[in-house]
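S.K.: These protein sequence lines map, in sequence, to chains P and D.
Oh and the first sequence: position 99 is 99 in my numbering, straight run, nothing missing.
Oh and the second sequence: position 67 is 67 in my numbering, straight run, nothing missing.
Certain hints may be false.
What the hints assert, rightly or not - Computed Cβ-Cβ distance ranges for the label pairs, DEER-style:
id: 1; chain 1: P; residue 1: Pro-82; chain 2: D; residue 2: Ser-75; range: 36 to 44 Å
id: 2; chain 1: P; residue 1: Lys-57; chain 2: D; residue 2: Asn-30; range: 22 to 30 Å
id: 3; chain 1: P; residue 1: Lys-112; chain 2: D; residue 2: Arg-110; range: 22 to 30 Å
id: 4; chain 1: D; residue 1: Leu-69; chain 2: P; residue 2: Ser-18; range: 44 to 52 Å
id: 5; chain 1: D; residue 1: Gly-40; chain 2: P; residue 2: Thr-78; range: 24 to 32 Å
id: 6; chain 1: D; residue 1: Gly-53; chain 2: P; residue 2: Pro-95; range: 40 to 48 Å
id: 7; chain 1: D; residue 1: Thr-20; chain 2: P; residue 2: Lys-57; range: 36 to 44 Å
id: 8; chain 1: P; residue 1: Ala-29; chain 2: D; residue 2: Glu-73; range: 25 to 33 Å
Claimed, not checked - The calculated lysine-lysine pairs, modelled on DSS-like cross-linking and capped at a C-alpha distance of 30 Å, are:
id: 9; chain 1: P; residue 1: Lys-71; chain 2: D; residue 2: Lys-57
id: 10; chain 1: P; residue 1: Lys-112; chain 2: P; residue 2: Lys-42
id: 11; chain 1: D; residue 1: Lys-14; chain 2: D; residue 2: Lys-57
id: 12; chain 1: P; residue 1: Lys-37; chain 2: P; residue 2: Lys-57
id: 13; chain 1: P; residue 1: Lys-68; chain 2: P; residue 2: Lys-57
id: 14; chain 1: D; residue 1: Lys-9; chain 2: P; residue 2: Lys-42
id: 15; chain 1: D; residue 1: Lys-57; chain 2: P; residue 2: Lys-22
id: 16; chain 1: P; residue 1: Lys-68; chain 2: P; residue 2: Lys-37
id: 17; chain 1: P; residue 1: Lys-42; chain 2: P; residue 2: Lys-57
id: 18; chain 1: D; residue 1: Lys-57; chain 2: D; residue 2: Lys-71
id: 19; chain 1: P; residue 1: Lys-22; chain 2: P; residue 2: Lys-57
id: 20; chain 1: P; residue 1: Lys-57; chain 2: P; residue 2: Lys-112
id: 21; chain 1: D; residue 1: Lys-14; chain 2: P; residue 2: Lys-42
id: 22; chain 1: P; residue 1: Lys-68; chain 2: P; residue 2: Lys-112
id: 23; chain 1: P; residue 1: Lys-37; chain 2: D; residue 2: Lys-71
id: 24; chain 1: D; residue 1: Lys-71; chain 2: P; residue 2: Lys-42
id: 25; chain 1: P; residue 1: Lys-68; chain 2: D; residue 2: Lys-57
id: 26; chain 1: D; residue 1: Lys-57; chain 2: P; residue 2: Lys-100
id: 27; chain 1: P; residue 1: Lys-100; chain 2: P; residue 2: Lys-57
id: 28; chain 1: D; residue 1: Lys-9; chain 2: P; residue 2: Lys-58
id: 29; chain 1: P; residue 1: Lys-37; chain 2: P; residue 2: Lys-112
id: 30; chain 1: P; residue 1: Lys-42; chain 2: P; residue 2: Lys-22
id: 31; chain 1: D; residue 1: Lys-57; chain 2: P; residue 2: Lys-42
id: 32; chain 1: P; residue 1: Lys-58; chain 2: P; residue 2: Lys-22
id: 33; chain 1: P; residue 1: Lys-37; chain 2: D; residue 2: Lys-9
id: 34; chain 1: P; residue 1: Lys-100; chain 2: P; residue 2: Lys-68
id: 35; chain 1: P; residue 1: Lys-68; chain 2: P; residue 2: Lys-22
id: 36; chain 1: P; residue 1: Lys-22; chain 2: P; residue 2: Lys-112
id: 37; chain 1: P; residue 1: Lys-37; chain 2: D; residue 2: Lys-57
id: 38; chain 1: D; residue 1: Lys-57; chain 2: D; residue 2: Lys-9
id: 39; chain 1: P; residue 1: Lys-100; chain 2: D; residue 2: Lys-9
id: 40; chain 1: P; residue 1: Lys-71; chain 2: P; residue 2: Lys-100
Derived by calculation from the structure, the hints in this document are not laboratory data.
Cβ coordinates follow ideal geometry from the N, Cα and C atoms, glycine included.
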Amino acid sequence: GENVEQHPSTLSVQEGDSAVIKCTYSDSASNYFPWYKQELGKRPQLIIDIRSNVGEKKDQRIAVTLNKTAKHFSLHITETQPEDSAVYFCAASRPGNTGKLIFGQGTTLQVKP
Amino acid sequence: NAGVTQTPKFQVLKTGQSMTLQCAQDMNHNSMYWYRQDPGMGLRLIYYSASEGTTDKGEVPNGYNVSRLNKREFSLRLESAAPSQTSVYFCASRDISPSTDTQYFGPGTRLTVL
Chain P
1 GENVEQHPST
11 LSVQEGDSAV
21 IKCTYSDSAS
31 NYFPWYKQEL
41 GKRPQLIIDI
51 RSNVGEKKDQ
61 RIAVTLNKTA
71 KHFSLHITET
81 QPEDSAVYFC
91 AASRPGNTGK
101 LIFGQGTTLQ
111 VKP
Chain D
1 NAGVTQTPKF
11 QVLKTGQSMT
21 LQCAQDMNHN
31 SMYWYRQDPG
41 MGLRLIYYSA
51 SEGTTDKGEV
61 PNGYNVSRLN
71 KREFSLRLES
81 AAPSQTSVYF
91 CASRDISPST
101 DTQYFGPGTR
111 LTVL
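So that you can see chain P by itself, here it is in the shape it has in the complex (with noise of 0.2 Å):
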């Protein structure tokens, strides 16, 4: 079935630093990739996402990358801020009204002031 790695696991920069996290997935046929952020205690929430047919989307400090062809994506945050520090999650989902989403593991970043 369907597989996303994420990594790191961890990752602690110094605040005003940029912070990359990566995942790669298994099914080719995925055209949606969301990156969901999720504070200590808090539910998770999506703060950005990307298709397909798109290589790359920015939304102010934070942008996403996507290569179909090595079928890996990227999330980069700039300028980092200690209110970054959360777990973010990665996902990956197939075409069809299902919305089912298969998840990384996640990455706990740590910005230090």
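Could you slot chain D onto chain P? The hints should help.
M.R.: Showing chain D alone in chain P's frame:
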């Protein structure tokens, strides 16, 4: 709008006991999902309901059952709880349109099975 709500927030069970986790959404979404979250394993799909009247298995359905009671409510039942089912359980509903495909999560239920 309350969004997605879940009850209870916390629960402790003994091995073999049963319980039902409740989930409701007031956003008129068709699709709803149950996930479990364990350290280092991300969110794993237990069951989902693509539309009212349908349910289907996800990645880890063993030991669980679900009921899509109506468009708003989707419950998850543990018939005979086991320590391996100790986890945080999240319910979600899906908002899909040409411009968005977003799952909205409930606050979660932290379940401990002794």
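S.K.: Does the alpha-carbon distance linking Lys-68 (chain P) and Lys-112 (chain P) stay inside the 30 Å limit?
M.R.: At roughly 33 Å apart (the allowed maximum being 30 Å), Lys-112 (chain P) and Lys-68 (chain P) break the hint.
S.K.: Within 30 Å, alpha carbon to alpha carbon, are Lys-58 (chain P) and Lys-22 (chain P)?
M.R.: Holds - the C-alpha atoms of Lys-22 (chain P) and Lys-58 (chain P) are around 16 Å apart, at most 30 Å.
S.K.: Verify the proposed pairing of Lys-14 (chain D) with Lys-42 (chain P), using a straight-line Cα cut of 30 Å.
M.R.: Within the cut-off at roughly 26 Å; holds.
S.K.: Does Lys-112 (chain P) sit within 30 Å of Lys-22 (chain P), going by the straight-line distance between their CA atoms?
M.R.: Between Lys-22 (chain P) and Lys-112 (chain P) the Cα gap is close to 21 Å, so the pair holds against 30 Å.
S.K.: Has the given pair, Lys-57 (chain D) with Lys-22 (chain P), been kept, meaning a C-alpha gap of at most 30 Å?
M.R.: It holds: about 28 Å lies between the C-alpha atoms, which stays within 30 Å.
S.K.: Please verify whether Lys-71 (chain P) and Lys-57 (chain D) have alpha carbons no more than 30 Å apart.
M.R.: Within the cut-off at roughly 26 Å; holds.
S.K.: Compare the distance between the alpha carbons of Lys-57 (chain D) and Lys-71 (chain D) with 30 Å, and conclude whether the hinted pair is satisfied.
M.R.: Holds, at roughly 18 Å.
S.K.: Within a Cα-Cα threshold of 30 Å, do Lys-71 (chain D) and Lys-42 (chain P) meet the stated pairing?
M.R.: With a Cα-Cα distance of about 25 Å, the restraint between Lys-71 (chain D) and Lys-42 (chain P) holds, given a limit of 30 Å.
S.K.: Measure nothing beyond the straight line between the CA atoms of Lys-37 (chain P) and Lys-9 (chain D); if it is 30 Å or shorter, mark the hint as holding.
M.R.: 20 Å, holds
S.K.: Please work out if Lys-68 (chain P) and Lys-22 (chain P) have their alpha carbons no farther apart than 30 Å.
M.R.: 13 Å, holds
S.K.: Going straight from one Cα to the other, do Lys-100 (chain P) and Lys-68 (chain P) come out at no more than 30 Å?
M.R.: 19 Å, holds
S.K.: Could you say whether the range 24 to 32 Å given as a hint is met by the Cβ separation of Gly-40 (chain D) and Thr-78 (chain P)?
M.R.: At 27 Å between Cβs, range holds.
Hint violations for this structure: numbers 6, 22, 28, all remaining hints satisfied.
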